[in-house]
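Read off the chains here:
There are 2 protein chains.
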Amino acid sequence: MGKTVEFLFDFGSPATYLAHKRIPEIAARTGAVFDYQPFLLGGVFKATGNASPISVPAKGRWMLGDLGRWARKHGTPFRMNPNFPINTLTLMRAAEALKGKPGFDRYVDAVFDAIWKDGENMNDEAVVAEVLYAAGLDGKAILEAAHSDEAKAKLKADTERAVERGVFGAPTFFIGDEMHFGQDRLDFVEDAIAA
Amino acid sequence: MGKTVEFLFDFGSPATYLAHKRIPEIAARTGAVFDYQPFLLGGVFKATGNASPISVPAKGRWMLGDLGRWARKHGTPFRMNPNFPINTLTLMRAAEALKGKPGFDRYVDAVFDAIWKDGENMNDEAVVAEVLYAAGLDGKAILEAAHSDEAKAKLKADTERAVERGVFGAPTFFIGDEMHFGQDRLDFVEDAIAA
Numbered sequence: 001m002g003k004t005v006e007f008l009f010d011f012g013s014p015a016t017y018l019a020h021k022r023i024p025e026i027a028a029r030t031g032a033v034f035d036y037q038p039f040l041l042g043g044v045f046k047a048t049g050n051a052s053p054i055s056v057p058a059k060g061r062w063m064l065g066d067l068g069r070w071a072r073k074h075g076t077p078f079r080m081n082p083n084f085p086i087n088t089l090t091l092m093r094a095a096e097a098l099k100g101k102p103g104f105d106r107y108v109d110a111v112f113d114a115i116w117k118d119g120e121n122m123n124d125e126a127v128v129a130e131v132l133y134a135a136g137l138d139g140k141a142i143l144e145a146a147h148s149d150e151a152k153a154k155l156k157a158d159t160e161r162a163v164e165r166g167v168f169g170a171p172t173f174f175i176g177d178e179m180h181f182g183q184d185r186l187d188f189v190e191d192a193i194a195a
Numbered sequence: 196m197g198k199t200v201e202f203l204f205d206f207g208s209p210a211t212y213l214a215h216k217r218i219p220e221i222a223a224r225t226g227a228v229f230d231y232q233p234f235l236l237g238g239v240f241k242a243t244g245n246a247s248p249i250s251v252p253a254k255g256r257w258m259l260g261d262l263g264r265w266a267r268k269h270g271t272p273f274r275m276n277p278n279f280p281i282n283t284l285t286l287m288r289a290a291e292a293l294k295g296k297p298g299f300d301r302y303v304d305a306v307f308d309a310i311w312k313d314g315e316n317m318n319d320e321a322v323v324a325e326v327l328y329a330a331g332l333d334g335k336a337i338l339e340a341a342h343s344d345e346a347k348a349k350l351k352a353d354t355e356r357a358v359e360r361g362v363f364g365a366p367t368f369f370i371g372d373e374m375h376f377g378q379d380r381l382d383f384v385e386d387a388i389a390a
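Line by line, the protein sequences are chains A and B. Residues 1 to 195 (our numbering) are what the first sequence spells out, left to right. Residues 196 to 390 (our numbering) are what the second sequence spells out, left to right.
Honestly, the hints are just simulated from the structure, not real lab data. We put the beta carbon where it would ideally sit given N, CA and C, even for glycine. Everything hinted at is true.
A few chain B positions that, by computed beta-carbon distances, are all more than 10 Å from chain A: (1) I221; (2) A266; (3) V303; (4) F307; (5) V322; (6) A324; (7) G371.
Simulated restraints, written as ranges between beta carbons of each label pair: (8) A:G75 x B:K268: 22 to 30 Å; (9) B:A329 x A:D191: 33 to 41 Å; (10) A:G49 x B:G371: 30 to 38 Å; (11) B:G270 x A:R22: 20 to 28 Å.
The calculated lysine-lysine pairs, modelled on DSBU-like cross-linking and capped at a C-alpha distance of 30 Å, are: (12) B:K198 x A:K73; (13) A:K152 x A:K101; (14) B:K241 x A:K46; (15) A:K3 x B:K268.
Sequences are here, hints too, so could you generate the full structure?
Right, dumping it as structure tokens:
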């Protein structure tokens with residue numbers, strides 16, 4: 001049984017999508033298990049005083065080119081979503097509702113691809129339902145679960161817990177107490193798995 | 196004759212120090228010439244709305260561990276300066292005064308090492324003078340040149356020019372018009388040299 005890497009994700013982060021696409025290959029190479037943990041990046045920004053890179057226009061312009069270079073380096077299909085920034089509140093609540101249940105992995109794959117590969121407008125719940133049905137999931141049931149008090153409370157609690165652990169952005173990885181930030185730190189994640 | 200990589204630096208950035216220490220090996224491997232260009236990071240922050248990572252405490256804590264991991268990965272002697280953040284205004288003006296003259300490279304090496312290897316308090320001009328004399332440079336003359344109107348005007352102009360070119364942090368690299376940000380992007384810099 002390999003080590004567990006906690007992968008704290010929010011669908012709204014393109015860097016998190018790039019990491020998500022590299023995880024299967026790293027898991028296969030190292031035997032590590034990646035435990036996907038939803039949190040709300042906007043909530044973490046608010047609590048920590050951090051902000052999206054695009055809040056600095058010059059940084060946003062550089063980031064766009066930089067993400068493209070990372071995508072090409074690893075052969076990851078990627079294009080910037082025309083609706084960026086995305087409000088991921090419902091999408092992340094749905095992830096909480098599905099976590100630990102059948103369909104979670106398929107849901108995560110479908111939402112990441114819809115946003116960062118296919119350019120879908122996932123701010124629109126009708127589009128979300130369509131995307132989920134196309135992935136073989138019950139879109140209506142998932143959206144209902146997303147709007148449940150339980151899913152809302154889970155996302156709030158997981159976001160607060162992330163802040164307590166020192167999270168300030170996405171993606172964030174934990175190997176035990178060791179925290180890594182950024183899709184560009186997957187080499188350090190692999191080092192920590194091997195250590 | 197290899198390609199030219201413009202290296203925009205401010206001594207106050209620990210990530211820029213880490214890049215500086217890797218440049219000789221990259222220059223030797225690729226034949227590229229690294230053209231060191233002073234600018235004032237604080238001025239760029241002010242003009243772009245960017246801020247030091249340490250302005251977000253959780254990011255600052257992560258960054259400290261992250262810089263240590265990069266230093267160990269490349270065998271770079273490094274410790275966080277106890278006087279961080281450093282006011283580099285005089286140090287950068289001196290770099291402008293020396294640029295293109297004998298002693299520039301030695302000055303750059305001496306100041307980077309004093310801050311990020313030896314933990315010196317380079318906010319204190321007496322310490323700066325001592326460090327420069329120890330490196331075989333005329334500390335008094337260099338500080339006088341730093342206080343000249345010409346050096347002040349050069350640093351101001353170079354900082355404004357950096358902002359115009361899209362710079363928002365340090366270190367920044369240009370290969371022609373292609374801009375890379377961060378010591379963690381030296382692989383992309385090498386790709387651009389090879390392209």
